[in-house]
Amino acid sequence: MIDVEALGPARRQEIAADDDVVRVRQLVRAAAVESKLSLVDQTKLVTAASELARNTLVYGGGGYAEVQPVSNGRRRGIRVVFADEGPGIADLDQAFTDGYTTGGGLGLGLSGARRLMDEFELHTEVGAGTVITAVKWER
Amino acid sequence: MDRVPILVLGDVLLVSIQIDLEDQLALHLQEDLAEKISASSAHGVIIDITALDIVDSFVGRTLATIAAVSKVLDAETVLVGMRPAVAITLVELGLTLRGIRTALNVEHGLRLLRDLRAADEFEPDDEDEVTADDSAASR
Chain L
1 MIDVEALGPA RRQEIAADDD VVRVRQLVRA AAVESKLSLV DQTKLVTAAS ELARNTLVYG
61 GGGYAEVQPV SNGRRRGIRV VFADEGPGIA DLDQAFTDGY TTGGGLGLGL SGARRLMDEF
121 ELHTEVGAGT VITAVKWER
Chain G
1 MDRVPILVLG DVLLVSIQID LEDQLALHLQ EDLAEKISAS SAHGVIIDIT ALDIVDSFVG
61 RTLATIAAVS KVLDAETVLV GMRPAVAITL VELGLTLRGI RTALNVEHGL RLLRDLRAAD
121 EFEPDDEDEV TADDSAASR
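Taken in order, these protein sequences are the chains called L and G. When we follow the UniProt record's numbering, the leftmost residue of the first sequence carries the number 1, and every step to the right adds one. When we follow the UniProt record's numbering, the leftmost residue of the second sequence carries the number 1, and every step to the right adds one.
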């Protein structure tokens, strides 16, 4: 687990339909503004969250997102967690390859989201689901 | 379901995206624009994304598809008003928006379309038109 201290309550959003992806974006943006992330960092965080929320919906068959302000003692940040109980990811190397997709997208979601975040951790089990935890720190 | 309005300005279609672009809405815009280009015989499309605070890979792909479809229908697409933070994030995400022209704002976009049209009229109307057109655009 990424070592962080929670600074506030975790807010959760179910991801079951297209418009939930938009709700996740709004929730993450509100948290990023509250934590005073720079505009560029807010944009990177919200974009990454949008990719991960869509992945949760399209590949994971739905799940939830959790957003929480955190600190590592030196800096504040926002932690996002995306969890689903879908089929899991069989080949992680492949899943992180730019341009590789099984869902008809661009294959940039997972790799792009990892580039946009500062910390990125993925746990997956075939047949059981996937949990992604990622953090964006303030500069 | 909301729709993004499409305005007709002479032979140019102007789309200003003012709401958070949900996936379905982006797909509807793609269809509506193709219909409208065909019905109005417009030669240019300007998509203003000043109000969009993120462009993720889904929206990016939809915009690139819109540009490609327009091209087949003999209309050029110019994306205008991208925020600096969105541009930085897009590059880091790995999205190149191939085949889509960009301009800073609507005014510059209109001028670009006018210049493209003018250059096009000077080109001989033969089999090489596509290549000639491409080289004119890259100048």
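Hints were generated in silico from the structure; no laboratory data involved. Check each hint, because a few of them may be wrong.
Said to hold, decoys possible - Here are some of the chain L residues that sit facing chain G, going by a computed Cβ distance under 7 Å:
#1 M1
#2 D3
#3 L39
#4 T133
Claimed, not checked - Below, a sample of chain G positions facing chain L; criterion: calculated Cβ distance under 10 Å:
#5 L25
#6 T50
#7 D53
#8 S57
#9 G60
#10 V86
#11 L90
#12 D115
#13 L116
#14 A118
#15 D120
#16 E121
The beta carbon of each residue, even a glycine, is placed where N, CA and C say it ideally should be.
Which hint numbers doesn't this structure obey? 1, 2, 4, 6, 12, 13, 14, 15 and 16
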